[in-house]
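Asker: In order, the protein sequence lines correspond to chains C and A.
Residue numbering for the first sequence follows this note's numbering, beginning at 1 and increasing consecutively.
Residue numbering for the second sequence follows this note's numbering, beginning at 1 and increasing consecutively.
The set of hints was computed from the structure by calculation and includes no laboratory data.
Note that the structure is a prediction, hence the values are computed from the model and not measured.
We put the CB at the ideal spot given by N, CA and C, even for glycine.
All the pointers check out, no bait thrown in.
Stretches of chain C that chain A covers, calculated by requiring three or more beta carbons in the stretch to come under 8 Å of a beta carbon on chain A:
{"id": "1", "region": "158-172"}
{"id": "2", "region": "185-199"}
Straight line, CA to CA, 20 Å or less: simulated EDC-like cross-link-like pairs of lysine to aspartate or glutamate:
{"id": "3", "chain 1": "A", "residue 1": "Lys-66", "chain 2": "A", "residue 2": "Glu-156"}
{"id": "4", "chain 1": "A", "residue 1": "Lys-106", "chain 2": "C", "residue 2": "Asp-183"}
{"id": "5", "chain 1": "A", "residue 1": "Lys-185", "chain 2": "A", "residue 2": "Glu-122"}
{"id": "6", "chain 1": "A", "residue 1": "Lys-71", "chain 2": "C", "residue 2": "Asp-183"}
{"id": "7", "chain 1": "A", "residue 1": "Lys-74", "chain 2": "C", "residue 2": "Asp-191"}
{"id": "8", "chain 1": "A", "residue 1": "Lys-77", "chain 2": "C", "residue 2": "Asp-181"}
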Amino acid sequence: MKKFMPLILLIILIIFPLVYQNAYYQHLMILVFIWVAIGSGWNMIAGFTGQVSFGDAAFFGTGAYTAGLLAHHFGISAWWGMAFGGIMAMAVAFPFGWICFRLRGAYFALASLALNEVCRHIATIAEPLTQGMVGILIMPTFVSKIPYYYIALALAVVSVISVQFIMQTKWGYYFLSIREDQDAAESLGIDTHRYKMVSLNIAAFLTGMAGALFMNYMGFIDPEVVFSLHDISIMAILVGIVGGVGTIYGPAVGAFVMVAVHEFFRTGFFGFFKGLAVLTGSDFLNIAAKYISHAHVLGFGILVVLVILYLPNGIVGDWNKLVGKLVPFKKKEAAT
Amino acid sequence: MILFEVKNLVKHFGGLAAVNNVSFQVEKGEIFGLIGPNGSGKTTIFNCISSYFPVTGGNIYFKDQKITGMKTNKICKIGIGRTFQVVKPLGRLSVLDNVIAAAFSKVQTKHEARDVAMETMEFCGLLHRKDVIARSLPIGERKRLEITRAMATRPELLLLDETAAGLNPTELEGAIDLIKRIRDKGITIIIVEHIMKVIMTISDRIHAINFGQTIAEGVPKEVSNNKAVIEAYLGEDYAQG
Ligand SMILES: Nc1ncnc2c1ncn2[C@@H]1O[C@H](COP(=O)(O)OP(=O)(O)OP(=O)(O)O)[C@@H](O)[C@H]1O
Ligand SMILES: [Mg+2]
Numbered sequence: 001m002k003k004f005m006p007l008i009l010l011i012i013l014i015i016f017p018l019v020y021q022n023a024y025y026q027h028l029m030i031l032v033f034i035w036v037a038i039g040s041g042w043n044m045i046a047g048f049t050g051q052v053s054f055g056d057a058a059f060f061g062t063g064a065y066t067a068g069l070l071a072h073h074f075g076i077s078a079w080w081g082m083a084f085g086g087i088m089a090m091a092v093a094f095p096f097g098w099i100c101f102r103l104r105g106a107y108f109a110l111a112s113l114a115l116n117e118v119c120r121h122i123a124t125i126a127e128p129l130t131q132g133m134v135g136i137l138i139m140p141t142f143v144s145k146i147p148y149y150y151i152a153l154a155l156a157v158v159s160v161i162s163v164q165f166i167m168q169t170k171w172g173y174y175f176l177s178i179r180e181d182q183d184a185a186e187s188l189g190i191d192t193h194r195y196k197m198v199s200l201n202i203a204a205f206l207t208g209m210a211g212a213l214f215m216n217y218m219g220f221i222d223p224e225v226v227f228s229l230h231d232i233s234i235m236a237i238l239v240g241i242v243g244g245v246g247t248i249y250g251p252a253v254g255a256f257v258m259v260a261v262h263e264f265f266r267t268g269f270f271g272f273f274k275g276l277a278v279l280t281g282s283d284f285l286n287i288a289a290k291y292i293s294h295a296h297v298l299g300f301g302i303l304v305v306l307v308i309l310y311l312p313n314g315i316v317g318d319w320n321k322l323v324g325k326l327v328p329f330k331k332k333e334a335a336t
Numbered sequence: 001m002i003l004f005e006v007k008n009l010v011k012h013f014g015g016l017a018a019v020n021n022v023s024f025q026v027e028k029g030e031i032f033g034l035i036g037p038n039g040s041g042k043t044t045i046f047n048c049i050s051s052y053f054p055v056t057g058g059n060i061y062f063k064d065q066k067i068t069g070m071k072t073n074k075i076c077k078i079g080i081g082r083t084f085q086v087v088k089p090l091g092r093l094s095v096l097d098n099v100i101a102a103a104f105s106k107v108q109t110k111h112e113a114r115d116v117a118m119e120t121m122e123f124c125g126l127l128h129r130k131d132v133i134a135r136s137l138p139i140g141e142r143k144r145l146e147i148t149r150a151m152a153t154r155p156e157l158l159l160l161d162e163t164a165a166g167l168n169p170t171e172l173e174g175a176i177d178l179i180k181r182i183r184d185k186g187i188t189i190i191i192v193e194h195i196m197k198v199i200m201t202i203s204d205r206i207h208a209i210n211f212g213q214t215i216a217e218g219v220p221k222e223v224s225n226n227k228a229v230i231e232a233y234l235g236e237d238y239a240q241g
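So that you can see chain A by itself, here it is in the shape it has in the complex:
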């Protein structure tokens, strides 16, 4: 079953076509990898999905409903959660309060919100840090707070933007494990990641872009052997050699 679809998405910043006619479909329950070199338009695609700015062209569908241009907060409400590549903690609030604020998107009372928050923090392995002020967390845990907060909004589709970047090897293992456990809950994931080891091992399918355009799509093996992908990542010399 197709849960989510992007159709002919175009986004221009002035003269720059940051996203140029990108289309893909995401199956319910899969981990869908989105890769591309720096500046290729991955974050911009996420920002279009969550409606941080209007799209220049194309459409976005979630559960057969057109969501193009829907308000950002509404996108969250209908079940699309996201994390930010440049983390955005609610700095002066505790970790617990960060997650409670998120939990309120689906429940009304403080009591319920707290329960949801505690449960989510436990699941994401952040419970032992609940009373720490968010801005004093080290980067690894800030990334984890991003995921925890998004999870507390009870999404059906989760957009992860480089949540593994900057982590040490142990944290990386933990992050991979967490993403897998989120998938096992039945939550569909679109993940942007530069670390090939991560993206190749956990993705069911991968969509590769360069300069805002699709260059390949398929299972990890196909994509990693694709000439255009190797070129985009390593330069033409490598592809030929």
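Extracted from the complex, chain C is given alone in its bound form:
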């Protein structure tokens, strides 16, 4: 049963937009799929290889800008950007990793944070190329959300399956060895520098593709959006942690939960406070509603604390524990 869960879920997701033609929910699902790809990439380098990235937005934004600039300057369909976006993200990741992976410990995490900021500043300053804060606007290819939905779904599925495949090969074993103990890994013939590079570039490619798709879908980007530290880089970490660090399906679950939480706050608890304000005519509640919609970062913080306290291995990693807690009688039933 558990084995078929992903397949059943996939079928449901394929049918979903046909049955339920609500553009809002389709939009949310597209975001979820994009986050599955980003989360899978983050999980590759951080979860499986143990090199925690705080700067995924560097790759995401590079992918998005690659697609956007190709369309904007050369009139090349932004769909080409999907492939080029991934490759350009690797072009950023390669020299970065080459330098940073020479050092061990927290250097990579700190440097990735810096990379994020450097990329954001470049995109802001290089106005002739990127139009700076004005951002890039392109014509969306489709009016309907359905094509985007399926393309995003395909990206998500490809991300999860490629990670699953890679983790069954020599590369996967090498990534895990590096995460567990770099000295031991070296003594077993593993070129730790090289395989950290491999892992980072896979992550960058997936994240860059996600960025390019985001450009295509949203039609507009600016540096604050796609190089955002908290809305992209930190969100990527949260997707990984909430879903389950170092698990294949963790990013998929994490993406779903995090987009939901994000939306929950953005809409002020799905309009609960706004509704209450209208109902009672209270100015205070009206203002509160406005602030709550900006408070998603606070919500993220609380969520992470809860997850780390109660589900340190994430929802997927601690699935059995979670089920045991929610359904206390299930265990007793099985025992008798």
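Place chain A with the ligands on chain C using the hints.
Answerer: Positioned in the frame of chain C, the structure of chain A with the ligands alone reads:
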């Protein structure tokens, strides 16, 4: 035939000369014991061989090739396997996965790697523990996992750093037996060990150091009767008395 040679090896840590001009040659197929009191530089010699840090001076040769300064992973690839005195299991992986990761150094596919791993675990007597998570193994089996993993890289020369320390008498018998069987496969072994019973019974030749310097070399009997060795281990009073 000389398989391995260390020539005038020097290693300084700041002002401390942890290894000071040590030279020795190891014959193909022999068990070569390396002894010395605590802090005398044995582990440091291993770390120099596997290139965990650059040597201060001297050279290391394996199969007539100079390997000084070669990258650690490359050292493994050319056929020098090692274990760690302070064991380094891939903690959250199963015993099987630990050994598969090692096996990949000589084969490419998962299928082959798994075969090599199963075979090696069987040879080293760890097969019955294959699904156990490495960090939950007791110390005796962790030491054995170190040997198994190193063996899965198919070495010609194996460096064993105190793999018998902390074992109970039964485990000790098992460890001695395993080391002998590894030698019988034609693998050359350099072994560091404090337990005299072990080192004296299995070594073909022994090299003794103290404060990073050579004090004796020879067959076990010669070394155990050597005055400088007895002094280093038991103190001057014993040597005179
Ligand atoms: N990485 C290091 N940095 C600084 N000093 C070191 C380092 N490694 C070892 N030393 C020092 O070098 C000397 C030799 O240490 P080493 O670990 O080689 O001894 P050993 O013979 O293996 O001892 P033991 O029998 O206790 O394992 C010691 O004085 C130790 O403190
Ligand atoms: Mg030592």
